[in-house]
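J.: Put together the whole structure using the sequences plus the hints.
2 protein chains.
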Amino acid sequence: MKEDALPVVIRLAERGDIGAIVALFADDSLGGHGDTTDETARPNYETAFEAIAANPASHLYVAERAGQIVGTFQTTTIRGMSRRGASSLLLTAVQTRRDMRSKGIGRAMVHHAVDQARACGAAAVQLMSNSLRVDAHRFYEREGFVKSHTGFKMKLR
Amino acid sequence: MKEDALPVVIRLAERGDIGAIVALFADDSLGGHGDTTDETARPNYETAFEAIAANPASHLYVAERAGQIVGTFQTTTIRGMSRRGASSLLLTAVQTRRDMRSKGIGRAMVHHAVDQARACGAAAVQLMSNSLRVDAHRFYEREGFVKSHTGFKMKLR
Chain A
7 MKEDALPVVI
17 RLAERGDIGA
27 IVALFADDSL
37 GGHGDTTDET
47 ARPNYETAFE
57 AIAANPASHL
67 YVAERAGQIV
77 GTFQTTTIRG
87 MSRRGASSLL
97 LTAVQTRRDM
107 RSKGIGRAMV
117 HHAVDQARAC
127 GAAAVQLMSN
137 SLRVDAHRFY
147 EREGFVKSHT
157 GFKMKLR
Chain B
7 MKEDALPVVI
17 RLAERGDIGA
27 IVALFADDSL
37 GGHGDTTDET
47 ARPNYETAFE
57 AIAANPASHL
67 YVAERAGQIV
77 GTFQTTTIRG
87 MSRRGASSLL
97 LTAVQTRRDM
107 RSKGIGRAMV
117 HHAVDQARAC
127 GAAAVQLMSN
137 SLRVDAHRFY
147 EREGFVKSHT
157 GFKMKLR
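Heads up: the sequence lines are chains A and B, in that order.
This note's numbering runs 6 ahead of the 1-based position in the first sequence.
This note's numbering runs 6 ahead of the 1-based position in the second sequence.
The hints are simulated quantities; they were obtained by calculation from the structure and are not laboratory data.
Misleading hints may appear alongside valid ones.
[Stated by the list, open to error] Within a straight-line C-alpha distance of at most 25 angstroms, the following computed SDA-like cross-link-like pairs (lysine to any residue) qualify:
| id | chain 1 | residue 1 | chain 2 | residue 2 |
| --- | --- | --- | --- | --- |
| 1 | B | K159 | A | R90 |
| 2 | B | K153 | B | L36 |
| 3 | A | K159 | B | R17 |
[To be verified] Covered stretches of chain B, as calculated for chain A (at least 3 residues, CB under 8 angstroms):
| id | stretch |
| --- | --- |
| 4 | 53-64 |
| 5 | 144-155 |
From the three backbone atoms N, C-alpha and C, an ideal C-beta is built for every residue, glycine too.
T.: Here it is in structure tokens:
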């Protein structure tokens with residue numbers, strides 16, 4: 007079977023996936039987020055993993071193909087007062103392994119997130135992407151997202 | 007004392023503030039979010055208020071000046087895996103009463119959110135704003151936010 011035809015499985019991340027997830031972020035040329043697979047940073051990731059797992063509104067996923075972790079994303083459902091008290095689903099930290107891009111992994115991840123949003127009655131799915139990631143922006147627009155907002159960030163450290 | 011010199015008090019929203027908060031959203035010309043002070047919509051807002059109050063990661067605030075609710079915003083702390091497992095604080099539904107803009111209300115709200123983010127060790131504060139709200143964007147940039155991201159939305163209903 008051609009590699010591109012292999013199924014992508016989206017599932018909740020497990021503790022054993024932490025190393026593979028961190029490797030995806032560490033390989034991100036743009037983020038500059040200080041991520042590293044160095045063992046000294048490992049306790050930080052383990053603490054974060056447990057915190058996400060303990061939060062019923064947040065879910066950390068991995069995309070798996072042929073037994074390998076090829077992508078990750080996180081969803082957080084946020085209930086607000088506007089739109090008559092609607093929820094929206096926030097998609098963050100979407101990352102596809104560099105050598106696995108344009109192979110349907112991102113699409114499978116986004117579809118999973120949108121399905122989850124519908125299932126929990128959310129009124130919208132939203133995400134912020136670094137303005138330099140123009141390829142990703144084209145992808146999100148193809149998937150039905152509207153580039154209607156501007157994203158602001160203030161780094162505190 | 008001149009009206010502009012009156013202090014702005016930022017405090018957690020209480021159940022009795024729901025009507026005033028909804029009035030702020032209902033008066034938003036841009037959102038088109040279907041918000042209304044009509045009594046029939048009231049149960050939706052009450053349910054949302056209780057859900058936010060029950061979520062330890064999310065806080066709904068009001069800005070009060072001279073005993074009146076003149077603004078509202080919501081914060082949600084999101085723990086992620088990237089940036090070595092950092093948290094970020096998401097600012098949503100920031101709204102200042104139309105006749106009270108450019109009077110320091112927004113600044114007081116943003117400062118409160120940033121202080122809260124620092125206090126809980128968040129690495130960043132982030133927000134998405136409709137790209138048509140150019141006045142708001144200038145305000146956020148003055149307050150130290152960087153317009154580094156693009157915001158995408160998919161409405162589900």
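J.: For every hint, state whether the structure bears it out.
T.: Evaluation of the provided hints:
1. B:K159 with A:R90: holds (18 angstroms)
2. B:K153 with B:L36: holds (20 angstroms)
3. A:K159 with B:R17: With a Cα-Cα distance of about 23 angstroms, the restraint between A:K159 and B:R17 holds, given a limit of 25 angstroms.
4. 53-64: holds (count 8)
5. 144-155: holds (count 9)
The structure fails none of the hints (numbered hints given earlier).
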